[in-house]
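Start from chain Y and add chain E according to the hints.
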Amino acid sequence: MTAGLNNYLVLSAVLFSIGLYGALSRKNAVVVLMCVEIMLNAANLSLVAFSRFVTPVALSGQTVAIFSITAAAAEVAVGLAVVIALYRQRGTVDVNDINLLKW
Amino acid sequence: MHIMSIPSALIWAVWLLPLGAFALISPLIRPFPGKAEPASFISIGAVGISFALSLWILASVLQAPDRQIILHGADWLSISGGPVFNFGLLIDPLSAVMLSVVTSVSLMVQVYSRAYMHSDPSYLRYFALISLFTAAMLGLIVSSNLLSTFAFWELVGLSSYLLIGFWFHRPSAVAAAKKAFLVTRIGDVGFLAALLVLYTKTGTLDITALNSPGVLSAISGGVLTWAALGLFLGAMGKSGQFPLHVWLPDAMEGPTPVSALIHAATMVAAGVFLVARMYPLFQAAPHALTVVAIVGAFSAVFAATMGLVMKDIKRVLAYSTISQLGLMMLGIATGGVWVGIFYLFNHAFFKSLLFLGAGSVNHATGTFDLREMGGLRKKIPWTFAFFVLAAVSLSGIWPLAGFFSKEGVLAAALDKQPVLFGFALLTTFLTAFYIFRVVFLVFFGDYRGSHGPHESSRIMLVPMGLLAVPAVASGWLNANGGFEHFLGDGATHGFWSGFIGALAHPLALFSLLAALLGVFSAYTLYIKRWISPDKVKWFLRSPYAIFTRKYGMDELYENIIARNALYRGVFQAADWTDRVVIGGASAGIASLTTGAGRVLRRFQTGQIQLYAVAAVLGMTAIVLIALVRG
Numbered sequence: 001m002t003a004g005l006n007n008y009l010v011l012s013a014v015l016f017s018i019g020l021y022g023a024l025s026r027k028n029a030v031v032v033l034m035c036v037e038i039m040l041n042a043a044n045l046s047l048v049a050f051s052r053f054v055t056p057v058a059l060s061g062q063t064v065a066i067f068s069i070t071a072a073a074a075e076v077a078v079g080l081a082v083v084i085a086l087y088r089q090r091g092t093v094d095v096n097d098i099n100l101l102k103w
Numbered sequence: 001m002h003i004m005s006i007p008s009a010l011i012w013a014v015w016l017l018p019l020g021a022f023a024l025i026s027p028l029i030r031p032f033p034g035k036a037e038p039a040s041f042i043s044i045g046a047v048g049i050s051f052a053l054s055l056w057i058l059a060s061v062l063q064a065p066d067r068q069i070i071l072h073g074a075d076w077l078s079i080s081g082g083p084v085f086n087f088g089l090l091i092d093p094l095s096a097v098m099l100s101v102v103t104s105v106s107l108m109v110q111v112y113s114r115a116y117m118h119s120d121p122s123y124l125r126y127f128a129l130i131s132l133f134t135a136a137m138l139g140l141i142v143s144s145n146l147l148s149t150f151a152f153w154e155l156v157g158l159s160s161y162l163l164i165g166f167w168f169h170r171p172s173a174v175a176a177a178k179k180a181f182l183v184t185r186i187g188d189v190g191f192l193a194a195l196l197v198l199y200t201k202t203g204t205l206d207i208t209a210l211n212s213p214g215v216l217s218a219i220s221g222g223v224l225t226w227a228a229l230g231l232f233l234g235a236m237g238k239s240g241q242f243p244l245h246v247w248l249p250d251a252m253e254g255p256t257p258v259s260a261l262i263h264a265a266t267m268v269a270a271g272v273f274l275v276a277r278m279y280p281l282f283q284a285a286p287h288a289l290t291v292v293a294i295v296g297a298f299s300a301v302f303a304a305t306m307g308l309v310m311k312d313i314k315r316v317l318a319y320s321t322i323s324q325l326g327l328m329m330l331g332i333a334t335g336g337v338w339v340g341i342f343y344l345f346n347h348a349f350f351k352s353l354l355f356l357g358a359g360s361v362n363h364a365t366g367t368f369d370l371r372e373m374g375g376l377r378k379k380i381p382w383t384f385a386f387f388v389l390a391a392v393s394l395s396g397i398w399p400l401a402g403f404f405s406k407e408g409v410l411a412a413a414l415d416k417q418p419v420l421f422g423f424a425l426l427t428t429f430l431t432a433f434y435i436f437r438v439v440f441l442v443f444f445g446d447y448r449g450s451h452g453p454h455e456s457s458r459i460m461l462v463p464m465g466l467l468a469v470p471a472v473a474s475g476w477l478n479a480n481g482g483f484e485h486f487l488g489d490g491a492t493h494g495f496w497s498g499f500i501g502a503l504a505h506p507l508a509l510f511s512l513l514a515a516l517l518g519v520f521s522a523y524t525l526y527i528k529r530w531i532s533p534d535k536v537k538w539f540l541r542s543p544y545a546i547f548t549r550k551y552g553m554d555e556l557y558e559n560i561i562a563r564n565a566l567y568r569g570v571f572q573a574a575d576w577t578d579r580v581v582i583g584g585a586s587a588g589i590a591s592l593t594t595g596a597g598r599v600l601r602r603f604q605t606g607q608i609q610l611y612a613v614a615a616v617l618g619m620t621a622i623v624l625i626a627l628v629r630g
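As given, the protein sequences belong to chains Y and E, one line each in that order. Here the working numbering is used: the first residue of the first sequence is 1, the next is one more, and so on. Here the working numbering is used: the first residue of the second sequence is 1, the next is one more, and so on.
Same shape as in the complex, but just chain Y (with noise of 0.2 Å):
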């Protein structure tokens, strides 16, 4: 049996679903960003999946998806600095404790 749209589709949405939910819940903000990863992964197999069955002539999913891939690693690169700082200025990476702009 080979692998078909859906199945891709279903992987996507559990991928995302564990990265929403770990973004939502933990506390660490590393981990919370490797969760906002997860669901971008999420989002580029999906790409991917639809640009294979749908056009398959096309490689234009493909392509962003490669896009998204180099956004995702800029993001990174300025989310952790932030984190890096946020712990040297704070001394705690715990995100309920980042709450300046609370009332």
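Hints listed in this document are in silico derivations from the structure and should not be mistaken for laboratory results. There could be a bad hint or two in this list.
[Said to hold, decoys possible] Partial selection, computed: residues in chain Y whose CB lies under 10 Å from chain E:
id, residue
1, L20
2, K27
3, V32
4, V48
5, R52
6, T70
7, A73
8, V95
9, N96
10, I98
11, N99
12, L100
[Claimed, not checked] Label-pair distances were calculated between CB atoms; the ranges are:
id, chain 1, residue 1, chain 2, residue 2, range
13, Y, R52, E, A614, 30 to 36 Å
14, Y, V54, E, Y611, 31 to 37 Å
15, E, I625, Y, G91, 43 to 49 Å
16, E, L617, Y, Y87, 27 to 33 Å
17, E, R579, Y, D97, 21 to 27 Å
18, Y, R52, E, M619, 24 to 30 Å
19, Y, T55, E, Q607, 37 to 43 Å
Here a beta-carbon is modelled for each residue, glycine too, at the ideal position from N, C-alpha and C.
Relative to chain Y, chain E alone:
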């Protein structure tokens, strides 16, 4: 005799010269202290040239086709897509006569003022303002468009305000100036409303166009009547007609020459002039004309009764002015333009002479109070002579000017409004009485003051003498029907037949009898004292109290209308609405906003994950709704 027609540039110069004098005096000479004298020369020179030009204009108008000179002037104001308001000049017999009156009286008054105001520290400001007034008044007369007439109308009101409050360190002068400004403003609202009505109905404010039968027939009857009444309301304010007369007696706080020029001869006559100017419009609205006649006749008697009891010489003259203006209104309404304007023409001379005489008396005695005068006949003989001539003229005794113009008003009133004729005849009696009461109290008997009276200088006496000539003789201009012919359509006849023949008319005997009776009553009371004035006062104490309290009109306006109805009623209600309704509403909205903020800020935890949860839930909800609703 053919006179060269006047060039149009010189017609413009008539009112621009005094304006130039004002401009020259106020900013150019003012900075140099101690240079007061040139100011008066500039001002007098400008008005002198204007006077000469006015006479030339008068002669030119006589020869002009249709007796009209219209200068197009400049387009002043254009309303997008609509017609353009033109600023032009309209010279016809009416404005030519008015020009001569205003320039001649203004010239005499300014010469007189050189001596009267001699020691005043604000000499310069005085002449600047008098020039401004003269310019505005002349502009008002020659303007060919009601909109520019209105602008000049306000400008004379402004100069009147500034001159009444000339001695602004006196609180009473300030109050009088304010009162004059506010009361005339009530009338001006009517004027402005009439302009709006006329403009929306006809699309023009050009005087000649508005007075043409074609345009008048295009406005329906009721609207035309209201427009005419609006114009008349403006005229009532300026001419001090009941019930807007209250400002004029108080305006006597200004310098006496100002009273002579503005509040006797010229500005207060602007209302009469306005009615005369728009006479065809009034004629097309007969109801409005009836109102003019009734208000005029009523004001004439009403003011004359208050003139009987005033103790201040200028106030007697002020009430006399109101009364005489009322007769002019009655004359125009019943007899047409020439009757009213002829009266205005004569009145300007003798009434300004009376005021200048009062100023001279004040110079001699240092007071305006009749109780502190007396016996001045010998001390100031020239002033006495001029004052009595003017008084006889005002009383309407043949053969002085006042007789001929009063005759016209009485004849017209008897013809059209017999009831109002009775008012006019009563006014004749009262007029003769109150003016001779003044003459007898001031010039006869024993001197009751403490100041050493002395005759005024020549600079004051010469203008008075020059004014005495028309005060005596200006009425003779119509002895041959000449004035009537000039302003109306009457035919001329022999001079002597009119001069003597006027006496043959039974009406003339009636009015003469009324006037002489007035003089005789004053003579009985104040010279012979056959009946003591105090006894009369006691016998007629209730009317006397009403007259001295001015019918309670001041109390009505100040206490009942201003203080109670307006201040306690309208203004406090407005204040309450502002504080409670509007203020409450805005305070309510503000507290609602802060309250909402207090609740909503709880959601701002600052925790990014909570926001993300909210975003996810919201997103899910949207997706679910989209799915359910297909």
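Indices of hints not satisfied (ascending): Hints 4, 5, 6, 7 and 17 not satisfied by this model.
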